[in-house]
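> Whole structure, please, built from the sequences with the hints as guidance.
There are 2 protein chains.
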Amino acid sequence: MTLVTPTRLSDGRELIYFDATAQAAALHRDHSAVADTRDLPARGATGDARFDALTGEWVAVAAHRQSRTHLPPADQCPLCPTTAGNLSEIPAPDYEVVVFENRFSSFGPSLGALPADAGWGTTAPAHGRCEVVAFDSAHEGSFGSLAPERARTVIDAWAHRTEALSALDGIRQVFCFENRGADIGVTLLHPHGQIYAYPFIPPRSAVMARAARAHFDATDGRETLLAGMLKAERDSGERMIIEGKHFSAFVPFAARWPLEVHLVPHRQVADLAALTDPERDELTTVYLDLLGRVDRLYSTPTPYIAAWHQAPLDPLLRPASRLHLQLTSPRRAEDKLKFLAGSEAAMGAFINDTTPELVADNLRNAVGTTAKDLP
Amino acid sequence: MTLVTPTRLSDGRELIYFDATAQAAALHRDHSAVADTRDLPARGATGDARFDALTGEWVAVAAHRQSRTHLPPADQCPLCPTTAGNLSEIPAPDYEVVVFENRFSSFGPSLGALPADAGWGTTAPAHGRCEVVAFDSAHEGSFGSLAPERARTVIDAWAHRTEALSALDGIRQVFCFENRGADIGVTLLHPHGQIYAYPFIPPRSAVMARAARAHFDATDGRETLLAGMLKAERDSGERMIIEGKHFSAFVPFAARWPLEVHLVPHRQVADLAALTDPERDELTTVYLDLLGRVDRLYSTPTPYIAAWHQAPLDPLLRPASRLHLQLTSPRRAEDKLKFLAGSEAAMGAFINDTTPELVADNLRNAVGTTAKDLP
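So the protein lines, in turn, are chains A and B.
Quick note: the first sequence uses our numbering, first residue 9, plus one each step.
Quick note: the second sequence uses our numbering, first residue 9, plus one each step.
I should point out that these hints are in silico values taken from the structure, not numbers from a laboratory.
Don't take every hint at face value.
A pair counts as met if it fits within one copy or between any two copies, since identical chains are not told apart.
[Claimed, not checked] Taking lysine to any residue pairs in the SDA-like style, the calculated list, with each CA pair at most 20 angstroms apart, reads:
(1) Lys253 <-> Arg242
(2) Lys344 <-> Gly193
(3) Lys344 <-> Ala190
(4) Lys344 <-> Thr292
(5) Lys344 <-> Gly189
(6) Lys344 <-> Pro81
(7) Lys344 <-> Asp191
Fair warning: this is a prediction, and the values are worked out from it, not measured in the lab.
As structure tokens, this is what we get:
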């Protein structure tokens with residue numbers, strides 16, 4: 009069971025400890041031991057959301073983020089536990105998993121609804137909330153290097169935050185993700201993820217949710233799109249990597265990226281909060297197995313984006329949408345990255361230079377030790 | 009006037025010379041002087057297009073492209089004129105502008121329509137055509153370094169190819185673009201652009217074309233969306249960079265990228281082929297001016313994607329869509345790039361770390377010499 013201890017940083021931001029052990033939770037409940045002694049300036053105002061009439065989409069303008077912390081030295085890491093020489097973002101001598109509001113926030117701190125009648129020139133506050141999830145107190149690693157019990161606590165933290173953020177005023181989508189690797193622009197090395205609570209349904213979510221709803225309607229509500237795709241992938245087996253009791257991981261039939269894996273629950277669940285304890289237990293095992301395979305493909309850690317797609321907070325779209333992870337990497341060879349150039353970035357038309365079946369084969373075989381583990 | 013001389017490479021691919029001078033055209037009409045003497049292997053089969061049921065979009069699977077030419081040495085450049093030591097893709101001792109079918113093609117050479125009733129598991133030939141546009145015979149540079157007369161010929165070549173490719177069986181969208189800079193994955197240094205003729209309307213095009221049609225309908229066909237936005241930008245002036253007689257360049261109100269400029273014709277034209285000679289003349293001047301400003305922002309050449317959005321070949325969408333250029337750069341500071349991480353890549357929700365007004369101000373002031381021009 010995960011123990012949850014909420015507190016506040018000196019500028020009013022929420023910080024929440026997630027502990028698997030009673031000892032750690034007791035420490036974090038002792039306010040004198042974990043008070044934020046920094047005299048932080050007041051939080052900045054919420055940035056702007058501008059309506060892009062060309063596409064009907066919102067764009068966040070967050071000029072204050074230019075000055076955000078960029079690859080700080082290890083002894084000044086803002087995600088390490090606080091020491092006398094490093095008053096970090098986490099005012100505790102140790103922690104297991106911790107979540108706090110991002111100081112350089114793209115959305116929020118204000119909450120509310122965006123205008124429904126937006127057109128060219130419409131600006132609104134970029135309502136919402138951005139949180140940081142520190143996966144572990146150790147400074148190096150990523151989700152895949154966590155001990156299973158720590159990974160399990162992170163999953164509980166994601167579930168807790170998904171439920172809490174979904175209840176905030178104006179939130180339409182909660183998005184848990186991990187960016188891994190300097191190659192894709194990570195600015196902090198400490199193992200961490202992020203959670204964005206958007207005041208709109210993001211464009212790609214909306215596209216997927218509408219396709220899911222269309223399939224749901226076409227089957228008179230008998231099948232969700234993800235259920236149909238999962239069944240087809242399990243029946244085929246060609247692209248399957250890991251098939252568990254509650255989850256399956258496969259390279260999707262129409263993968264966009266040179267490395268792309270989808271991890272899908274077997275049961276119809278809208279989001280991480282809806283997973284049962286046995287499902288969370290298996291997810292821990294399956295996800296760590298998957299990330300281990302991803303890192304055995306090359307001699308250096310594989311950069312990736314791990315994106316948890318959850319059902320939008322919309323009464324029409326939500327029943328047809330299912331939780332799933334999309335893990336994508338731009339690495340197309342040991343020393344080559346795929347760049348999003350003209351066709352992908354400007355037109356949204358992806359060209360994949362490898363086949364999903366070949367990638368699945370490589371991931372199925374990526375077990376045990378590899379060259380990098382040998383002396 | 010631009011003289012057009014079509015020919016074929018030894019594997020059957022089309023190659024077309026575009027010459028402003030009669031002398032150059034005469035050389036290219038002399039078959040014995042410009043025959044392709046290479047014994048190229050037959051062209052590979054067309055790759056696959058797979059239907060992504062999650063999004064309703066097509067993804068090209070082009071495994072044969074993994075082996076494409078990657079930053080070759082200058083004396084083996086495939087876009088330089090042919091010499092005894094370098095039998096390049098262009099079998100002529102010199103040229104002005106040349107267009108040819110890409111040997112490592114994501115779409116084509118087959119042509120035809122994709123199935124309309126696609127679902128999970130649908131694979132079809134990736135019909136279509138990909139062409140390379142060599143801007144000049146000199147090995148280094150980019151569009152912005154071209155002499156005005158050469159730039160003018162490139163515009164004629166784009167227009168010619170847009171019209172010709174639009175007439176091919178099954179083509180739904182013709183896309184002229186230039187990727188500039190190794191930072192965004194350019195694999196050939198020789199100044200060149202590309203043209204993709206897609207067998208579907210690419211996802212971002214479709215989003216823009218639908219928004220344009222909705223605006224057109226809402227105004228009872230009195231105004232296109234681009235006309236309305238252009239008028240608003242010209243009235244405001246806050247983000248205007250260059251205002252000509254036929255074209256205006258501005259940073260869009262809801263720019264997604266740290267550097268983003270839209271260049272829009274004042275008249276309702278669907279594509280580059282529809283531009284008149286006076287419009288093409290002014291476009292040459294305005295576009296070269298714009299690219300000069302873009303390169304004066306930093307001490308090294310600015311990486312960019314220059315994407316010419318043209319009206320889709322669709323009877324409903326086409327009348328509401330207007331040609332425009334979207335020039336975007338991921339560079340957010342002298343030594344920093346914006347990466348598309350979780351929010352942008354997975355969700356399509358962009359966060360811009362600067363303001364469009366500040367960028368417009370920088371581009372308005374980016375005239376004359378800068379540090380890099382000084383001795």
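> It remains to establish, for every hint, whether it holds in the given structure.
Going through the hints against the structure:
1. Lys253 <-> Arg242: Cα proximity of Lys253 and Arg242: one copy only (12 angstroms, versus 60 angstroms across).
2. Lys344 <-> Gly193: Cα proximity of Lys344 and Gly193: in one copy and across copies (16 angstroms, 9 angstroms).
3. Lys344 <-> Ala190: Result: close both inside a copy and across copies, 14 angstroms intra and 12 angstroms inter.
4. Lys344 <-> Thr292: For Lys344 and Thr292, the Cα distance exceeds 20 angstroms both inside one copy (30 angstroms) and across copies (35 angstroms).
5. Lys344 <-> Gly189: Both ways: Lys344 and Gly189 sit 14 angstroms apart in one copy and 15 angstroms across, limit 20 angstroms.
6. Lys344 <-> Pro81: For Lys344 and Pro81, only the inter-copy Cα distance (18 angstroms) is at most 20 angstroms; the intra-copy one is 27 angstroms.
7. Lys344 <-> Asp191: both (11 angstroms within a copy, 12 angstroms between copies)
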